[in-house]
Amino acid sequence: MPIIAIPALMRNLTDGEERVTITGATLREVIDNLEKRYPGTRAKLCDGDRIRPGIGVYINGVITRIGMHERVDADAELHFLPAISGGLTCGT
Amino acid sequence: MSEKKEYKVIGTRPIRHDGVDKVTGRAIYGADFQITGLLHGRVLRSPHAHARIISIDTSRAEALPGVKGIVTAQDLPEAGDKIADLGEGAVNLKYLCDNILASDKALYKGHAIAAVAATNPHIAEEACTLIDVEYEVLPPVLEVRQAMEPDAPILHENLTTASLGDEDDKPTNIASHLQHKKGDIEEGFAEADVVIERDFITGTVHQGYIEPHNATAHYNQDGQLTVWCSTQGAFTVREQLAEILQYPISKIKVVPLEIGGGFGGKINVYIKPVAALLAKKTGKPVKVLMNRADVFEGTGPTPASYITIKIGAKKDGKITAAQTSLAFEAGAYPGSPVGAGAMCVFAPYNIEHVLIDGYDVVVNKPKTAPYRAPGATNAAFGTETVIDELAEQLDIDPLEIRIMNGAKEGDRRADGPIFPRIGFIESVEAAKEHPHYTAPNGKKYHGRGVASGFWFNIGLESSVTINVNPDGTVNLVEGSTDIGGTRASIAMQAAEVLGIPAESVNPTVVDTNSIGYTAVTGGSRTTYATGYAAYEAAHDVVKQMIGRAAKLWDVDEANVQFADGEFSSINGKEEQISFRDLSARLGQTGGPVIGRATMNPAGAGGAFATHVVDVAVDEDTGKVEILRYTATQDAGKAIHPSYVEGQIQGGVVQGIGWALNEEYIYNEEGTMTNASFLDYRMPTCLDLPMIDTVIVEVPNPGHPYGVRGVGEVPIVPPPAAIANAIYDAIGIRMTELPMSPDRLLKAMGKI
Numbered sequence: 001m002p003i004i005a006i007p008a009l010m011r012n013l014t015d016g017e018e019r020v021t022i023t024g025a026t027l028r029e030v031i032d033n034l035e036k037r038y039p040g041t042r043a044k045l046c047d048g049d050r051i052r053p054g055i056g057v058y059i060n061g062v063i064t065r066i067g068m069h070e071r072v073d074a075d076a077e078l079h080f081l082p083a084i085s086g087g088l089t090c091g092t
Numbered sequence: 093m094s095e096k097k098e099y100k101v102i103g104t105r106p107i108r109h110d111g112v113d114k115v116t117g118r119a120i121y122g123a124d125f126q127i128t129g130l131l132h133g134r135v136l137r138s139p140h141a142h143a144r145i146i147s148i149d150t151s152r153a154e155a156l157p158g159v160k161g162i163v164t165a166q167d168l169p170e171a172g173d174k175i176a177d178l179g180e181g182a183v184n185l186k187y188l189c190d191n192i193l194a195s196d197k198a199l200y201k202g203h204a205i206a207a208v209a210a211t212n213p214h215i216a217e218e219a220c221t222l223i224d225v226e227y228e229v230l231p232p233v234l235e236v237r238q239a240m241e242p243d244a245p246i247l248h249e250n251l252t253t254a255s256l257g258d259e260d261d262k263p264t265n266i267a268s269h270l271q272h273k274k275g276d277i278e279e280g281f282a283e284a285d286v287v288i289e290r291d292f293i294t295g296t297v298h299q300g301y302i303e304p305h306n307a308t309a310h311y312n313q314d315g316q317l318t319v320w321c322s323t324q325g326a327f328t329v330r331e332q333l334a335e336i337l338q339y340p341i342s343k344i345k346v347v348p349l350e351i352g353g354g355f356g357g358k359i360n361v362y363i364k365p366v367a368a369l370l371a372k373k374t375g376k377p378v379k380v381l382m383n384r385a386d387v388f389e390g391t392g393p394t395p396a397s398y399i400t401i402k403i404g405a406k407k408d409g410k411i412t413a414a415q416t417s418l419a420f421e422a423g424a425y426p427g428s429p430v431g432a433g434a435m436c437v438f439a440p441y442n443i444e445h446v447l448i449d450g451y452d453v454v455v456n457k458p459k460t461a462p463y464r465a466p467g468a469t470n471a472a473f474g475t476e477t478v479i480d481e482l483a484e485q486l487d488i489d490p491l492e493i494r495i496m497n498g499a500k501e502g503d504r505r506a507d508g509p510i511f512p513r514i515g516f517i518e519s520v521e522a523a524k525e526h527p528h529y530t531a532p533n534g535k536k537y538h539g540r541g542v543a544s545g546f547w548f549n550i551g552l553e554s555s556v557t558i559n560v561n562p563d564g565t566v567n568l569v570e571g572s573t574d575i576g577g578t579r580a581s582i583a584m585q586a587a588e589v590l591g592i593p594a595e596s597v598n599p600t601v602v603d604t605n606s607i608g609y610t611a612v613t614g615g616s617r618t619t620y621a622t623g624y625a626a627y628e629a630a631h632d633v634v635k636q637m638i639g640r641a642a643k644l645w646d647v648d649e650a651n652v653q654f655a656d657g658e659f660s661s662i663n664g665k666e667e668q669i670s671f672r673d674l675s676a677r678l679g680q681t682g683g684p685v686i687g688r689a690t691m692n693p694a695g696a697g698g699a700f701a702t703h704v705v706d707v708a709v710d711e712d713t714g715k716v717e718i719l720r721y722t723a724t725q726d727a728g729k730a731i732h733p734s735y736v737e738g739q740i741q742g743g744v745v746q747g748i749g750w751a752l753n754e755e756y757i758y759n760e761e762g763t764m765t766n767a768s769f770l771d772y773r774m775p776t777c778l779d780l781p782m783i784d785t786v787i788v789e790v791p792n793p794g795h796p797y798g799v800r801g802v803g804e805v806p807i808v809p810p811p812a813a814i815a816n817a818i819y820d821a822i823g824i825r826m827t828e829l830p831m832s833p834d835r836l837l838k839a840m841g842k843i
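Here the protein sequences come in this chain order: A and B.
Those letters in the first sequence? Residues 1 to 92, per our numbering, in order.
Those letters in the second sequence? Residues 93 to 843, per our numbering, in order.
Hints were generated in silico from the structure; no laboratory data involved.
Since we're looking at a predicted model, the values are computed, not measured.
Heads up, some of the hints might be wrong.
[Said to hold, decoys possible] Not the full set, but computed from the structure, chain B residues with beta-carbon under 8 Å of chain A: (1) LYS273; (2) ASP507; (3) GLY508.
Ideal Cβ positions, reconstructed from N, Cα and C, are used throughout, including at glycine.
Using the sequences provided together with the hints, build the complete structure.
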């Protein structure tokens with residue numbers, strides 16, 4: 001199952017767990033299943049049906065630009081980090 | 093990917109394709125651009141660092157003969173509270189628009205208030221003086237710690253602190269807080285025999301590109317908007333214009349002209365939408381140019397910062413814990429590179445227990461913009477100075493302690509991701525083995541320092557097409573603006589695949605109507621990602637030409653192979669034809685061949701650098717002279733070694749300027765008092781010795797030739813390396829940038 005690295009500022013919702021395994025074949029499924037196990041986490045990561053502006057999703061160390069549709073392999077590791085783009089910055 | 097491939101083009105040093113036009117003055121830059129009926133625009137800027145705009149009366153300016161149009165924020169479409177996804181990142185549209193032309197508040201000295209188009213630039217400038225603006229002047233906030241105080245003047249009444257989805261309800265200047273946590277920080281410090289904690293301050297620094305911003309805009313009768321400009325990314329300019337002007341993206345064409353430096357500062361738009369508004373209002377093409385003061389006061393510098401670093405280690409030098417608080421000035425609107433700084437601050441080291449807090453803080457200064465490895469230089473100044481102090485206290489060689497704790501493949505960064513193959517330790521070993529490191533340096537007031545740095549690099553989208561010419565040359569069409577020789581480094585990757593000389597590839601950077609989407613030249617991505625696209629497009633050419641050879645010889649495509657610029661048949665017929673000769677026969681075999689590729693490569697690979705510097709401190713004046721400088725860097729694979737060396741040298745020189753001289757100096761009212769290159773002191777070749785470079789090549793597994801981006805990381809180590817050298821020279825730890833003569837004299841107790 002994919003492993004989610006829980007951001008430090010969200011660990012109060014996961015009983016302090018830093019890394020959890022969650023089922024799901026897409027980013028949406030993984031986040032939805034994370035929410036089922038740890039209520040409140042989805043709202044931290046998503047704004048409606050999108051990843052929050054300012055958050056970058058890294059799957060196996062590689063940032064995804066596809067968003068919630070991104071496929072997630074069974075052995076993938078996911079990180080939610082500050083979004084880093086080519087340089088355009090005018091915060092949200 | 094093989095470690096030791098033999099290449100014919102990769103690794104050579106051909107003359108850059110754009111070199112002759114540039115050295116003969118024939119290259120066309122934005123200020124050179126002319127078009128019939130051109131009007132000239134000028135921007136009126138706020139004289140106050142913080143003020144409410146009560147009213148703007150343009151009637152006197154409009155009456156001036158020669159004035160053709162005036163625009164203010166009223167001419168911009170209503171932005172609302174919308175988050176715009178501009179491909180390069182999500183932005184708050186109101187902030188973006190307000191930074192173009194202030195609507196309700198002027199948030200920094202130099203903030204654009206209005207703009208005039210006139211028949212010549214002098215009339216436009218005079219008209220600006222006739223615009224009457226009534227301000228309610230407010231107290232400015234000019235420093236990050238002051239801005240974080242609970243009773244600080246507030247820049248944005250509706251700004252609250254965002255913290256991973258949570259929002260406070262109290263207005264503040266702290267736009268966001270981020271945190272990375274690994275292990276148990278208290279346990280890590282408890283294990284340490286030595287713990288060092290220091291505070292660091294860095295000043296506001298500009299990229300200092302030679303060419304000021306420029307833009308010429310024109311609306312055709314059919315509503316097509318064309319903008320000719322200097323930019324690091326034509327497509328991101330198009331996206332920003334579409335959002336700011338609320339205009340269909342299909343009706344906007346951006347033509348990137350040559351660019352006289354950017355270093356991150358020519359990604360965000362400033363006068364391009366203003367030129368478009370003026371063109372719309374007047375019905376004429378309008379050119380807007382900045383002067384140097386406009387550039388300093390009206391465009392984004394890199395942020396000042398306040399950083400605390402705490403690192404603990406055992407007696408044997410093993411680092412047990414590291415903690416930091418990074419407070420970065422965002423300028424007038426949220427969006428400093430504190431996130432990038434937090435990713436880089438301890439990245440060179442494999443540390444079990446880490447805690448990183450980052451704060452993005454608005455102040456009354458220009459909205460910050462990226463600058464070469466944004467955020468990483470600030471962060472490394474702190475980390476690498478404390479590492480040096482640890483090495484000294486533990487009596488361990490400063491490069492050895494870096495090797496001992498250095499990150500390598502499989503180690504987990506504090507922010508989470510696991511490193512793929514990287515070359516940090518190799519870069520440190522190269523510095524240690526360099527003759528510079530062991531050369532005598534024992535004179536009084538002379539010192540030697542070292543420091544390392546990390547930048548993660550990025551991939552993003554790139555598109556390339558390759559058209560085959562009948563004489564065996566190819567025209568390579570790309571969307572990456574060429575700042576540092578990337579026409580050459582991209583062309584060389586195509587040439588290697590095609591088995592032709594680099595000179596047989598004609599690279600052209602084209603407008604947004606003429607190539608697929610290509611992200612900015614930034615993030616050290618261009619040679620990596622656009623080069624990767626050129627590699628794939630060249631393979632597409634080869635694949636198609638194999639089909640043509642097969643047709644020519646009446647054999648199956650599977651029976652044609654390509655190597656070293658020659659197509660040959662296998663399994664029977666003894667046929668052979670060169671790339672050049674087959675190119676001449678495309679007409680007979682089906683018509684033109686056009687190779688194409690779009691890429692969004694995932695494995696940019698991180699870049700590491702280690703620097704050694706010798707300095708002499710003048711005990712009477714406090715001036716620091718750079719005596720010798722050696723920079724080692726993992727480039728993965730140097731496509732064109734001269735341009736890798738040039739990037740390293742350029743980054744080092746900018747880092748030296750940041751370390752020793754460069755700084756926005758503000759008075760109490762928030763006015764920059766040194767907004768010229770005479771007073772904002774960048775180093776020149778007369779100030780510096782030759783910068784010695786050592787290219788380390790640990791191939792990046794995410795690129796077919798092993799390329800890593802090289803442009804940014806060389807700016808990261810210099811301030812810390814120089815601070816450590818100053819300590820070696822005079823025994824004083826400098827913790828504030830720049831380490832200018834007055835600060836050194838104060839530190840030495842001489843003033």
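Point to revise | Unsatisfied constraints (hint numbers, rising) | key: none
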